[in-house]
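Since the structure of chain A is already known, use the hints to place chain B on it.
Number of protein chains: 2
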Amino acid sequence: MNALIVHAHPEPHSFNAALRDAAVDLLLEQGHAVEVSDLYAMNFKPVVDRDDFLTCRDEERFNVSLEQRHAHLHGGLAPDIRSELDRLQRADLLILQFPLWWFGMPAILKGWIDRVFVSGAVYGRSAMFEHGKLRGKRAMVCVTTGAPPQAFGPGSLNGDVLDLLAPLHRGVLAFTGMSVLPPYVAYHVPYAGAEGRAGMLHGYREHLLGLETLAPLTMPRMADHPMPHEDGARPRAQ
Amino acid sequence: MNALIVHAHPEPHSFNAALRDAAVDLLLEQGHAVEVSDLYAMNFKPVVDRDDFLTCRDEERFNVSLEQRHAHLHGGLAPDIRSELDRLQRADLLILQFPLWWFGMPAILKGWIDRVFVSGAVYGRSAMFEHGKLRGKRAMVCVTTGAPPQAFGPGSLNGDVLDLLAPLHRGVLAFTGMSVLPPYVAYHVPYAGAEGRAGMLHGYREHLLGLETLAPLTMPRMADHPMPHEDGARPRAQ
Numbered sequence: 000m001n002a003l004i005v006h007a008h009p010e011p012h013s014f015n016a017a018l019r020d021a022a023v024d025l026l027l028e029q030g031h032a033v034e035v036s037d038l039y040a041m042n043f044k045p046v047v048d049r050d051d052f053l054t055c056r057d058e059e060r061f062n063v064s065l066e067q068r069h070a071h072l073h074g075g076l077a078p079d080i081r082s083e084l085d086r087l088q089r090a091d092l093l094i095l096q097f098p099l100w101w102f103g104m105p106a107i108l109k110g111w112i113d114r115v116f117v118s119g120a121v122y123g124r125s126a127m128f129e130h131g132k133l134r135g136k137r138a139m140v141c142v143t144t145g146a147p148p149q150a151f152g153p154g155s156l157n158g159d160v161l162d163l164l165a166p167l168h169r170g171v172l173a174f175t176g177m178s179v180l181p182p183y184v185a186y187h188v189p190y191a192g193a194e195g196r197a198g199m200l201h202g203y204r205e206h207l208l209g210l211e212t213l214a215p216l217t218m219p220r221m222a223d224h225p226m227p228h229e230d231g232a233r234p235r236a237q
Numbered sequence: 000m001n002a003l004i005v006h007a008h009p010e011p012h013s014f015n016a017a018l019r020d021a022a023v024d025l026l027l028e029q030g031h032a033v034e035v036s037d038l039y040a041m042n043f044k045p046v047v048d049r050d051d052f053l054t055c056r057d058e059e060r061f062n063v064s065l066e067q068r069h070a071h072l073h074g075g076l077a078p079d080i081r082s083e084l085d086r087l088q089r090a091d092l093l094i095l096q097f098p099l100w101w102f103g104m105p106a107i108l109k110g111w112i113d114r115v116f117v118s119g120a121v122y123g124r125s126a127m128f129e130h131g132k133l134r135g136k137r138a139m140v141c142v143t144t145g146a147p148p149q150a151f152g153p154g155s156l157n158g159d160v161l162d163l164l165a166p167l168h169r170g171v172l173a174f175t176g177m178s179v180l181p182p183y184v185a186y187h188v189p190y191a192g193a194e195g196r197a198g199m200l201h202g203y204r205e206h207l208l209g210l211e212t213l214a215p216l217t218m219p220r221m222a223d224h225p226m227p228h229e230d231g232a233r234p235r236a237q
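Going line by line, the protein sequences match chains A and B.
Take the first sequence: its letter number 40 is residue 39 in numbering that gives the first Met the number 0, and every next letter is one higher.
Take the second sequence: its letter number 179 is residue 178 in numbering that gives the first Met the number 0, and every next letter is one higher.
Just chain A, same shape as in the assembly (with noise of 0.2 Å):
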């Protein structure tokens, strides 16, 4: 198998780069082939703009899925996104891992989704969910907060965290064909002292060696939502 682990912090020594460290350490035990697309230190370009394509379908006007089909068709996605693809391509499980800013992905990583999965190769008009492109893959988030887990449970404060990640799961992952893994969510990790943070290793761990034998979260299926039919109307920028 191959793994790829897009890897979201600023600090090199994080607990999120102990959790990416552990993820690299037991996929390799296990024989499996790792990647990590570490963006920091990659100094990734986070923002979609016209310097991501090496072709220009329009341009008078900047579409971003249509510039993205255009490249991809013609070979010419920036050499950063296509090497990104590329991994994302070649991989059987990709995790992302990142500490949650403000109930999401930091904006690097966010970023990484903007480019990097690009219109027509992940996705297409008719290839989302169980008909995406990336399917047959398998994607889980490993994900670390400052509150405690009792500020995230059902009806809490913040909310469910299988709510706040929704968003990610299902608009990205499910989205693109994936099939999604139960997340490991590490809490309040700024508060936990040393045995703490050891014990939630040894359950990321667990969580991985678990692998094989964790049902997918249920996502919905095109199938299930007939659409109506669309004219053949040229899209436009929004």
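Keep in mind that the hints are not guaranteed to be accurate.
EDC-like mimics (lysine to aspartate or glutamate), calculated; alpha carbons at most 16 Å apart, straight line [as the list claims (entries may be wrong)]:
id, chain 1, residue 1, chain 2, residue 2
1, A, Lys-44, B, Asp-48
2, B, Lys-132, B, Asp-91
3, B, Lys-132, B, Asp-85
4, A, Lys-44, A, Asp-79
5, B, Lys-44, A, Asp-48
6, A, Lys-132, A, Asp-91
In case anyone wonders, no lab produced these hints; they're calculated from the structure.
Below, chain B without anything else, positioned relative to chain A:
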């Protein structure tokens, strides 16, 4: 009233820009002061890192929220952050204008939040939700989608648009104490003709004209979620 519109679209002639301009025009007509942060035009840096701070609390280990609090107390925020935070602090109404990319904000806007929503300035450990430091302000999202409304209703393929926006509504805007007004959603924009777009611009003006009578979304309160006593352990990096 002071309004701040934060705009996140790479195409100057996009429909997002038309929505932004409609809001600017209407708010000026009503006698309000309006500022616009056009993040792409500003080439806004979206990545949190050491360059965010003129001060340094801990040169060994980079903990974002501790560095933010330290810099806020000691006048050490980078000028671009300070400038945006000033705009946010003097705004009575915040409007976030963006296209829905991967069920969320474009990275450049997420990075505006990651960097400008400074710990200590907009929230504190016991200053969240109704005690958040931005209480008294109102906030509203104006978002465009590529898919039609029936893809975003309750029980739909993509899920209810309010669920998709919940991490932003609840975890950013309400978290810092702002009243969250109902969003304006312009659906299926790439496939709307000139008439459809004119209708949506009109609809947005009507939405904004009704702002004073719009009931804010219901959000959680700290008072309803008493947290157990926490020890005084010093937080460390996640």
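Going through the hints against the structure:
no. : hint                 : in the structure
1   : A:Lys-44 / B:Asp-48  : holds (13 Å)
2   : B:Lys-132 / B:Asp-91 : holds (13 Å)
3   : B:Lys-132 / B:Asp-85 : holds (13 Å)
4   : A:Lys-44 / A:Asp-79  : holds (9 Å)
5   : B:Lys-44 / A:Asp-48  : holds (13 Å)
6   : A:Lys-132 / A:Asp-91 : holds (13 Å)
When the structure is compared with the earlier hints, no violation turns up for any of them.
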